[in-house]
Amino acid sequence: MNAIIVSALLGVVMMFSSWIFKSERLQKNLALVGLLILIFANLAQINGWYVVDINTKGMLAFTRFGLYANMLLFILTFLYLFINAEEIEAIGHQAADFYALFFFILCGASILTSFDNLLMLFIGIEILSIPLYILTGSDKKNLLSNEASLKYFLMGSFSTGILLLGITLCYGAIGSFQLQAPMIVPSKGIAMEQYLLSAGLILIFAAMNFKVSAAPFHFWTPDVYDGAPTVFTGFMATIVKAAGFIAFIGIFHAQAKALGNSWELLLNFVIIATLLVGNISAVFQRSVKRMLSYSSIAQAGFMLFAVYGVSDFANEGILLYAVVYSIASIGIFSVLVKMKDYGFEAFNGLGKSNPLLAFVTTVFLLSLAGIPLTGGFFAKYYMLNAILTAGAGLWIVIIAVLFAAVSVYYYFKLIQAMYFVQGTPAIKEVPKTYTYKLLVLAVLLLILGVFPNLLFNYLYF
Amino acid sequence: MPILNYIYLCLTLFSIGVIGVLVRRNAIIVFMCIELMLNAVNLLLVAFSKMYNGAAYLNAPSTTIGIDAQIFVFFIMVVAAAEVSVGLAIIVMMYRNTHSVDINFLNRLKN
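Protein chains in written order, with this note's numbering: chain A, 185 to 645; chain B, -6 to 104.
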């Protein structure tokens, strides 16, 4: 509750702060302090202290898992803003407007981690998405940004319509929006309620797949990620996607049983299609930004493993995967922001001219590929464990590992360009401090690669 | 009237909206079709609400069962309004740069 209220308030404060603080440096510091306040407010709630103690009447349920997920999302946003603030200031007239939108997105994310009612799921997804449409189109004179924004908006509201129809059909079957409502068990044959419930859940499934950009519904992702300003792509691909997955898990860990055996069939199909489309398309991309957006589809395929069934591995795994993937992606997009050109050739010879920057980029790429000693390895390990504990066949694990091997190809193409190809990189002036900030992210990845447990200690104690 | 008729009506309206989104090329018309989808859902929610309320009303006339669906309708309307304000702003921004609202123009990102 604290996180929802405080983030909404901070959003409003940031919105008006550009009247008082003309300096963008002050606005940035205000946003960072605001994020710290948000983190402490959330921490306070974990320890049982409330800003306002409201009976939510079953609309929201605050679990340790949800609150901890909030905390991780806030910390990731803090890291993201800490590194990228200068680039955000370069885009619009007032950076404070964008910071306000970030706080509103975090408000939506903290609803998504704690909803217990389909109404709150809908509200959360909308609060999360609407600021994103604005962020995507924030580069107003750039036609690509306009196009991405319009496309994202039309597709996004279309999928909202699908989600709403799904929720309505579920309501028609159960008579309640409550997530933990009693399931319909048909006494003989299949009653109409069972039809309504299955159709509704499948529609919700489709809409959630759209939000996390899983395969049959991924077509918007490359265009939108490519067209949006690169800093904001870094935010959309990481924190927003992680929040979407936590909502996805929240609803389908509770209700998937209503679909019976067809649930596994459905999810297997989506997982394999996502891995296939994401990895194979990424191989053929010439632009690094576009390659990363396809790779984010492929990573979503791995994160879908946690949706399969309830287990400790699924809960821990999704947090670890979200954190590791977000850190690596924030890092790699922060490097990309500094490039003048997004082709693979732009990275030629980066290892010679900026050795430290090339090193951190390598760590991010290795982590995305899931090489041991980086966080990505354990994240993938937990995910595979999650799907095996949930009772899936071994064959899907083998397919996933094979596709992870494919992903190594396109990540290493970039590493190869940096170290083994002669040339001058098309890179802007990178300040020393910027590289050191990225080094912090790389060190975090390496620490999580050796001690992934550090992340979970707080989940239980 | 049986609830099935309402379901058929709403699904028909919803499908008209979906087909409109897929077929029409004008951004504003596509947008209107999305609104049609949302309103079809609103109608269905109200029908379900009345169905549950009517069943409970026979036993206890002061029942509030089914009210939550009607409240949901208000939330959908408010969120749709928020979406309209953002969406129209995006369409206007697009129009200023290209002097067209045809979504066939949206192919620069493909290659």
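If you are wondering where the hints come from, they were derived from the structure by calculation, not from laboratory data. Hints may be right or wrong, so weigh each one.
[To be verified] The list that follows gives simulated cross-link-like pairs (lysine-lysine, DSBU-like), each with its CA atoms no further than 30 Å apart:
| no. | chain 1 | residue 1 | chain 2 | residue 2 |
| --- | --- | --- | --- | --- |
| 1 | A | LYS524 | A | LYS441 |
| 2 | A | LYS597 | A | LYS325 |
| 3 | A | LYS473 | B | LYS43 |
| 4 | A | LYS206 | A | LYS536 |
| 5 | A | LYS536 | A | LYS524 |
| 6 | B | LYS43 | A | LYS241 |
Evaluation of the provided hints:
1. A C-alpha spacing of about 50 Å is found between A/LYS524 and A/LYS441, which places the hinted pair above 30 Å, so the restraint is violated.
2. For the hint linking A/LYS597 to A/LYS325, the alpha-carbon distance of about 33 Å lies beyond 30 Å, and the restraint is violated.
3. Between A/LYS473 and B/LYS43 the alpha-carbon distance is near 51 Å, which puts this suggested pair outside the 30 Å criterion.
4. The straight-line distance between the Cα atoms of A/LYS206 and A/LYS536 is roughly 40 Å, outside the 30 Å bound, and the hint therefore fails.
5. The straight-line distance between the Cα atoms of A/LYS536 and A/LYS524 is roughly 18 Å, inside the 30 Å bound, and the hint therefore holds.
6. Our distance criterion of 30 Å between C-alpha atoms is met by B/LYS43 and A/LYS241, whose separation comes to about 22 Å.
Consistency note: the structure conflicts with the earlier hints numbered 1, 2, 3 and 4.
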